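Each chain, letter by letter, is given below.
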Amino acid sequence: MHHVLLERWSRAISPVHQRDARIKLLAALIFLIVVATTPPLAWRCFVTYAAVLIAATLIARLPIAAVLSRAALVVPFCIVFGITTWVLGDHARALGLLEKAFLSAWTALWLAATTPLPRLLKAAEWYGVPRLLILVIQFLYRYLFVLSEQAQHMRHAAACRAGSQGAARSLFRAAAGALAVLFARSYQRADGIYRAMQSRGFTGSFPAVALGRLTVADAAFLLLAVVPVIAVRFL
Amino acid sequence: MHIPDGFLSTPIWITLDFAAAGTAGWLARRATTEVDESKIPLLGVMGAFVFAAQMINFPVAPGTSNHLVGGALLAYALGPWAASLVMVAILAIQAFVFQDGGIMALGANTINMALAGVWAATIPYRRFGASRTGIFVGAWLSVMVSGCLALTELLLSGVPIPSALVAASSGVFCVSALIEGAITVAVLQAIERINPGWVRKPVGERNRAAGVFLSTAVVLVVFGVLIASAAPDGLERLAERAGVAHQATTVYKTALADYQIAGFESIWLRKAAAGIAGLAAIYGLCLAIGALLRKRPLADDVVAAGAPELT
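For the protein sequence lines, the chains are A and B, in the order given. Those letters in the first sequence? Residues 1 to 235, per this note's numbering, in order. Those letters in the second sequence? Residues 1 to 311, per this note's numbering, in order.
Just so you know, the hints here were simulated from the structure itself, not pulled from any lab data. One should not assume that every hint holds.
[What the hints assert, rightly or not] To be clear about the criterion: a stretch of chain B counts as covered by chain A if any three or more of its residues have a C-beta under 8 Å from a C-beta of chain A, and this derived list gives those stretches:
1) 27–34
2) 40–54
3) 100–112
4) 158–164
5) 183–191
[Claimed, not checked] Selected chain A positions facing chain B (Cβ under 7 Å, derived; list incomplete):
6) Ala105
7) Phe139
8) Ala168
Quantities reported herein were computed from a predicted structural model and do not represent experimental measurements. Cβ coordinates follow ideal geometry from the N, Cα and C atoms, glycine included.
Only chain A is shown next, with the shape it has when bound in the complex (with noise of 0.2 Å):
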């Protein structure tokens, strides 16, 4: 599944994953803008990002086949408004919706895979995002996968007791009835969450991620992974 393998890449050992959250986060979002800016028809640039991109998959020890293949998800969608694009007339846009997609995905694929989520958000946090938004994408990433496993749970028991037989009205009632207990569950499941949490001493937030202090190597990386871009990119 594909946040076991997230989780997995984001908790691996390398020089990126132990750069600092903020500098992560701060350099992908310029590699982000630098590369949404880009006219699409300057090879140079593209050829640059890239050539960054694999080094930073490279230096990260993540396995770049995977990585690929998972940022080419985002491939279907853009090669329906491609080929339209191209079709119309506008080929330079075509090429630049496919590349740009592709490299955004490709980017915040691996911010991900370096970086563990409570720490990203933690450094979301000291760039201003709110603490109550903070706390609500908390609780939303813990519990998605207890939920993810309620559902397909219920789904498999719905596929014993009756299968895919059956009129689609009750087929869609049953579904509909489904929702509403997993509804039901979550409802009591977070309330006993909180309850919990009170007995645990809860303060209003969770124990912090201690970000450290930011090191000479988090600079250079910051400026290793912006450099060359923005350099390629306006010069």
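For this one, chain A is given, so just place chain B on it according to the hints.
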């Protein structure tokens, strides 16, 4: 409906990112003072519920199935403030963890789905009450508004979409919006059978006129966008005329300027200006709707993100 990076033109994604960041920040600040600490886990878990709900397929026609989108359901279960915040959290996880929707396009996706989608759902709900009609029309409008906004942003970004494709995708939006309506009605009715307290009754019956006015306005905007997109010639002609006028003044003012560059710049400026103006109009409309709906007491709205005590 998640727009990936690379599709929107720079002026558009920048505008939408700023607009969305401002709105989300304001939303969170309001909610921080209003949401009871005990409701924070509920908001996160409800977001996870919407994710998990995608695993349950609803048979629609033979061979095809569909799943819940969830914006309207969240709005009816948590109230629009909390629902918007939860949707922002969902979109953030989708962009950063699942690469579903771009990071630079997060602002656009937030405006389309977390803000416009959720708030659109509340208008018919307030107008028609928590009846089947109110729920159905609300969920329909929610998906419809999100889809049309996404399509409009792509068109304003200059992604050339032939009118046949615009018409086709509008049709697809309409059908999936109808399905979302049916699913939301069925699920909410089933939830009410388990515990009627979990579905929030619409509040603020008193300004009925405003409800009628707003729902009419939103429907008109949606269809206006559809018609304008299906017949882009009109838009094109308008832009052309504006461009010609602009170019004329440019040439007049800088007689020595390179013709080619002047033309290029005017095209870029024209597109940027048109894009920003259009999106500002849409955004202003969303804000106006929000401001009008905000007149009712906020406290019971957000706090009621919570539950009647479970036993």
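Going through the hints against the structure:
1. By the rule of at least three residues with a Cβ nearer than 8 Å to a Cβ of chain A, the coverage given for the segment 27–34 of chain B holds, with 4 such residues.
2. Using a Cβ-Cβ cut-off of 8 Å, 13 residues of the segment 40–54 of chain B lie near chain A, which meets the minimum of three, so the contact claim holds.
3. Only when three residues or more bring their CB closer than 8 Å to a CB of chain A does the claim for the segment 100–112 of chain B stand; here the count is 3, and the claim holds.
4. Coverage of the segment 158–164 of chain B by chain A holds in this model, with 5 residues showing a Cβ closer than 8 Å to a Cβ of that chain against a need of three.
5. With a threshold of 8 Å between beta carbons, the proposed coverage of the segment 183–191 of chain B by chain A holds, since 6 of its residues qualify and at least three are required.
6. The beta carbon of Ala105 (chain A) is positioned within 7 Å of a beta carbon in chain B (closest approach about 5 Å), and the interface hint is therefore held.
7. Interface restraint check: Phe139 (chain A) against chain B, minimum CB-CB distance 2 Å, threshold 7 Å, status holds.
8. Residue-level restraint check for Ala168 (chain A) holds (minimum Cβ-Cβ distance to chain B is 5 Å; threshold 7 Å).
In terms of the numbered hints stated before, the structure departs from none.
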